[in-house]
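*Asks:* Go ahead and model the full structure; you've got the sequences and the hints to work with.
Each protein sequence line maps, in turn, to chains S and A. For the first sequence, the numbering used here gives the first residue as -9, with consecutive numbering after it. For the second sequence, the numbering used here gives the first residue as 4, with consecutive numbering after it.
Read the hints as simulated data drawn from the structure, not as lab findings. Note that beta-carbon positions come from the ideal geometry of N, C-alpha and C, so glycine has one too. There could be a bad hint or two in this list.
Claimed, not checked - Only part of the chain S face toward chain A is listed, based on derived beta-carbon distances under 8 Å:
#1 Ala32
#2 Arg41
#3 Thr181
Chain by chain, the residues:
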Amino acid sequence: MTVLLFLAVVAPVSGPSASGAPVSGADFLNPETRALQDDPFANPGFLWVERGAALWTDGGCARCHALADTRPAAFPRYDETRQAMVNLEGRINRCRDRAGAPSWAYESEPLLALTAFLLNRERGATVAPAADPRAEQFRRAGEAFFQRRRGQLDLSCANCHDQLAGRRLRGERVSQGHTNGFPTYRLLWGTLASTHRMFRWCNEAVRSEPFPAGSPEYVNLEYYLRHRGSGLTVETPAVRR
Amino acid sequence: MRARVNLPARARAGEVITVKTLVAHPMETGYARDVRGDLVPRHIVTEFTCWYGGREVFRAAFQPAIAANPFLEFHLRATVSGRVTCRWRTDRGEETALERTIEVA
Chain S
-9 MTVLLFLAVV APVSGPSASG APVSGADFLN PETRALQDDP FANPGFLWVE
41 RGAALWTDGG CARCHALADT RPAAFPRYDE TRQAMVNLEG RINRCRDRAG
91 APSWAYESEP LLALTAFLLN RERGATVAPA ADPRAEQFRR AGEAFFQRRR
141 GQLDLSCANC HDQLAGRRLR GERVSQGHTN GFPTYRLLWG TLASTHRMFR
191 WCNEAVRSEP FPAGSPEYVN LEYYLRHRGS GLTVETPAVR R
Chain A
4 MRARVNLPAR ARAGEVITVK TLVAHPMETG YARDVRGDLV PRHIVTEFTC
54 WYGGREVFRA AFQPAIAANP FLEFHLRATV SGRVTCRWRT DRGEETALER
104 TIEVA
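*Replies:* In structure tokens, the structure reads:
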């Protein structure tokens, strides 16, 4: 069995470094999972999108914000007052703070629902993070995180998602690790999941200590991955194994 | 429980239509353990029914091995204009119903 497992690693490498243009995680899926993602009814992620739409109007967002003016795909972006990056989850919670409402925890239903709803409105749009010189140091920090080996397995994100993308890892193909489909419905978890939950899962998979969801390390990584996935289209909510 | 039901708004009499349903539910099997090692109590959708034209036209019994957020697709023969009501019930007695209307010409 073990021998078979290793023999399976023969598919050609198709990392972004190899071909140049980034390839969406959807192109690494089994046909069945891909069909589930593309079916706007059967895709379970839309349960959250619908809840998010209700939250937008009933939760009070619509009192201040015009939906047409929101730019959810522009996050993470540089925040002047904090002099750091803020992601969409952070932005939503800052709004709740101002309104005197309790923050929503990462992976809580309402936060997943609202982020999924907002990003779903961008479905089909091109991932194109704005160039912001103030954010450059954070992009670099995110890139350094991506390249740094970590954990007992001593693997960096780049080891798998750049250098081995397209090859098989046990039952599935290694994707390039893009974030254009997040929040994404993960069949394994039976729920929608944020990028940060995926980062934590990935970090744990190489047996390293994960950072807390919402930590600056992960927000920087999220920002870097936006740049790395420039040119892809937004697929929220995607479906993954 | 949040749910979705999809069926055509119009159909010809005698036409076989496809009904798709999706319900948000964790479908806890009762065998999983949480981070502290305690059993997570069983909590699943046990029953699905569909009423159309004044009678029950479809029923399904769900078991613990059904995945989270169960998706169900089945067929109906369109006979009369009216309501199609889908109802889910859990082992804790929670109930959600969703109604769609169909026009049969």
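*Asks:* Kindly indicate which numbered hints from before are broken by the structure, ordering the numbers from low to high.
*Replies:* Per hint list: zero violations.
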